[in-house]
Structure formats: C-alpha cells, structure tokens
Amino acid sequence: MTLVRTKLTNPNSFFWTSPSIFDSMFDEMLNTRPTVRQDGTVKIKSLEDRTDISIAAPGVKKDEFDISVKEGVLTVSYAQSTEENQRTFSQSAFARSWSLPEGTKTKDITAKYNAGILTLSVKKPKKVEPKIHSIKVA
1 MTLVRTKLTN PNSFFWTSPS IFDSMFDEML NTRPTVRQDG TVKIKSLEDR
51 TDISIAAPGV KKDEFDISVK EGVLTVSYAQ STEENQRTFS QSAFARSWSL
101 PEGTKTKDIT AKYNAGILTL SVKKPKKVEP KIHSIKVA
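Residue numbers (the working numbering): 1 to 138.
In short, the hints are calculated from the structure, not lab data. Cβ atoms here follow ideal geometry from the backbone N, Cα and C, with glycine treated the same way. Misleading hints may appear alongside valid ones.
Quick list of in silico lysine-lysine cross-link-like pairs, DSBU-like style, CA-CA up to 35 Å [unchecked claim]:
no. : residue 1 : residue 2
1   : K136      : K112
2   : K61       : K112
3   : K123      : K62
4   : K127      : K43
5   : K136      : K45
6   : K123      : K43
7   : K70       : K136
Okay, the calculated beta carbon distance ranges per label pair [said to hold, decoys possible]:
no. : residue 1 : residue 2 : range
8   : Q91       : P125      : 33 to 41 Å
9   : A93       : V69       : 19 to 27 Å
10  : E71       : A115      : 27 to 35 Å
11  : T75       : K126      : 18 to 26 Å
12  : D49       : A93       : 30 to 38 Å
Could you build all of it, start to finish, from the sequences and the hints given here?
Shown next, in the form of structure tokens:
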C-alpha cells in the first residue's frame, strides 16, 4: 500500500491536485516508485511461566532487529532495503509494541532468531501483593 499526501488547490473546486489512477498504475508497472511491504506475522503463546512472541521475518539479519523496552513497553522493529539495480529497489519494514506486565524486568526477556523466526520469551513477573500498613489513631 502506498500512502500519498495530496494538497487541494481549491477545496471548492471540482478539479484539485491528486495522483491519477493511471499514474499509480504506470508507476507500479515501470517500478519507478519503491515497493513498500509490511512483513512480520506475529504469534503469541502464553505459557505458565512466560509468554513467547514469535515474529516471522525471513531474510532479515540478526543485526537489523531493534528490540527495546521503554517505560514498560516492549518494541520490536526492523527496516531493510535492497537495491537490485539503478531502477529497482525494495523496502521492508516492521514495528510492533506490547505493554509489559508491571514488574517485568528486562533481564527476564530473551530473544532468539532461527530459520527466519524471531522468538522473544518474556518471563511473567511474580504477583506481588500490596503491603497493607495499619495506622493507629492517637
């Protein structure tokens, strides 16, 4: 899917600037625009002690993944582009985020990449009961 930003020259006019369907058809046939593809089929499996997140990413190299945790949100992304010749190139990108359960530690998250599948294992944190403190009235 290609997103195209258009700008109206006169919103009240019937004729305004927009990409023509013919332009997009010929652009695709002649490969004059990059092909943008979203990849990454995601499978989430909840086990007793952990949650496994598997992402299908064939052809992606280990060092192209960006895995981070910020403010309790786990984010996995990658972007790659290939140039076959001067007129043909392609791009592939993926980004997905998940909220982690409260108490999850980054050291309890592991990642493995094997046969085109990135698997993240997130250990479930132990449930912590809130401490109740009694206050005596004087």
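To test your reading of the hints: which numbers does this structure violate? 1, 5 and 7
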